[in-house]
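Novice: In case you want the letters, here they are:
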Amino acid sequence: MTHHEVEKYRKPIRILHWIHSGAFVLLFLTGLILFIPGLGFLAEDSWTRVIHRIGAAIFIVIPIIYLIINPRSVARGLKLAFTWTKDDIGWLKAAPRYYFLGDEKDMPPQGEMNTGQKMWWFIVVVFGVLFVITGVVMVFAKTTASPAVLQWMVFIHDVSFIVSGAMLFVHIYLGVVHPLMTDAWSAITGGKVSTEYAKKHHAKWYAEVSKGKE
Amino acid sequence: MAEKAILYDATKCTACRGCQVACKQWNENDEAIPTEENGVASKNWGSYENPPDLSPQTWIKMRFTEIEAGGKVRWLFTRQACMHCTDAGCVRVCPNGSLYHHELGFVAYNKDTCTGCGYCIDACPFNIPRSTRNIITGIAKMDKCTFCTTQGLDRIAEGWEPACVKTCPTGALRYGERSTLLREGKARVQALKDMGWVNANLYGENELGGLHVMYVLDDYPEIYGLPASPQISAATIAWKDVIQPVGWAVGGLTIAGLGLNWLVARANVKKEAKK
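If you're matching them up, the sequences are chains Y and G in order.
Per my numbering, the first sequence starts with residue 1, numbered consecutively.
Per my numbering, the second sequence starts with residue 215, numbered consecutively.
Mixed in with the good hints, there may be bad ones.
As the list claims (entries may be wrong) - Lysine-lysine pairs mimicking PhoX-like chemistry, simulated, CA-CA at most 20 Å apart:
| no. | chain 1 | residue 1 | chain 2 | residue 2 |
| --- | --- | --- | --- | --- |
| 1 | Y | K105 | G | K484 |
| 2 | Y | K211 | Y | K105 |
| 3 | G | K485 | Y | K105 |
No wet-lab data here; the hints were simulated from the structure.
If we strip away everything but chain G, and leave its shape as in the complex, we get (with noise of 0.2 Å):
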């Protein structure tokens, strides 16, 4: 099936966080004072960006950066949330599959097999998995953008698209295509450019094998908090790329070797014994 992704334009965008309001309402997050471990209030700390971070009930929020450029002050907005990558270290590491692609590309999960390792906390390149978790027990679940495909609460499968888009009243968020929306995206970046804005540039169409949340910004990455080429982890290769591998041939050959030795060794002791 077609790829499906989200378009973002950051030079569109009013941080009304109309998506923040109507992600929490649609996934039933609805605390803005949190009743689970880990969770993050909303309060005043100085800033229109808010609740401070992400969290387990908190799947989508737009970040507010102040620059100075040329004397001047701007006010920027992105979007914190799952990019959903095609080369996803969250799915490299999960232990069990609760990780998983959707067939439509995007990084959806299971919940209830979620064994809580936080091992994708760690292993994402983008720092947008939470969970709850209690140090002592280690009991935990992650969460995190499910892009409206929670069983019981999927929009996608009824061909809806997700809340946050739905709710956008600029614009700045799309649903659809991923071709599609690749190319309206480039369209718009040039026009961007032919406006002045010499740095613009589309942020998602091939990093991590191609992100499912593709962003329109008129200045670097980096100015916006992104990461300018974001990887996996070295870790997260050598060991699930290499030692666990390893790992699997040192197991069966110890178990193999011992086997034989304790066919050849059995025949040994019999024939000693009948001489």
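One chain only, chain Y, in its complex shape (with noise of 0.2 Å):
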């Protein structure tokens, strides 16, 4: 039964989580040391802040190339993320009993994105770009813009950090940890995810890619 696969992320898609996910953990581990006051001393003399503004930097140019190489396959991405339909609140509902008991009989049928995904997905986008936005001042308007601004942008910046790095965490857990989400680590290192797994995860997907197939 499980070698059936279906191909869950292109290449394209793969490359581009995996230089931005690193990017991310490079800016979160650099970043924590000034969050946690028992770590400051690792950011002495500034060095962690040039490594921040190199993952900076790629956190930036990264998705911008791949919207140039491919802006459908972001649109299409976007769309997928903030579409949600009353199958998303029933997910909500019924995701508790999921992941703690493995419960799924009132898990509603997902589509390419559950909707932990696609929430998932609202806070890297959301995030990501307040973000940008607030790094940006401060890394050019540092010595130009008013002290308020300033400590305004500081406090936006936490602010995304301690949410999208909570989130982090549960990603994380949930891609590599958790006993029942068998397949998500092969479909973002491979790309591939078994039948079975898709017809149990993400139903309505697959459904829509095996039509015609069987």
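Both chains are given apart, each in its own frame, so use the hints to dock them into the complex.
Specialist: Here it is as structure tokens:
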């Protein structure tokens, strides 16, 4: 059974994911040490700021390159992520029982992205943009903007850090650790998931991609 | 230990700027033509006030203000340097404790551990800290008045007065127990009032929990270019006292929740497998 597989993520998407997430982890760690006073000594002499900026350049440039090369894929992804139906409401209600107890009887069928993935996309897009705007101001207007503006930029950057940082833990946990997400890792590394997994976790999507093939 | 302070009496200051020179000399910020990034060079810009601004190598500067009062021009002098607040914005925002309160009350810092984030610069109600800064790489170091406690150049530990006080020829700058200087400052203000300076006041007794540099002024602080009521900014409070503790809670609860989920979910998967 398991040797039947369907492609979940194409190669360009996977490359985008890994470079972008690698940059984000770099940014997250070099930012975290300013958030935890006991680790602040690691930031001495500004060297982590240099790394933070290299990470930021990658974080900004890579999605832009992807957007230029493949604008239709971006538009499609955004449309998927920001289209909510009653199945998403049903997912929110049933999710706790499913993720804790493995009880899937109330879980509505999901499309290519399930509701949790849609929420993660929302966070990535909204807070990613906030990160970039506030970060660019803090880099290039550091000596020219008013102190109040710079302080509020730090504030917004911090809020974005808290929300997306906490959700990054959830994202990694679900992808790598959670006992029921068996094929998530293979989906984002090799691109493929088993047909069984696709049917179970993304029924609406599987119905679409398998149409006329079986 | 009893708190120490500097008392600056603007009515005795002649703006000789000996304090600026002594500060640079003692703290090895010798250059009038700065050698560091963001330094401010001395130049003729139409005023005896020179250099034009504080910089990483200029920690104290006399500010010159001209006002017209009762048809006469008055030329006012104020000391522009760290005020060493008890409730210090810079200490609140410093991410790794490089800025801290000295046991004698003033705000000292460890330049070696400074990360160059520049948060202190934006949090200071008096616009005092300055930094060297490369805009592109972000490599930076903050500097400000250390109350002569720089390691290796620590006058206070020797029981000496700060360099600026030591050099002051008119007694406009004095160093000592804060409580003593407070008493003497008030007496001086009363004497000025008796002479007809009705707006005379002592600046720094209660501002920001009490400053460790206090000013005797013969007129309102605003006239001398000082904020009438200096405050910790709303952004500092929202960021350090609200959102950061919330961040700790969110981060901690998320990790705890995921751990709990793993234990419960794994137990259920095992139970299913046994069936």
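Novice: Out of the numbered hints, which ones does the structure contradict?
Specialist: 2
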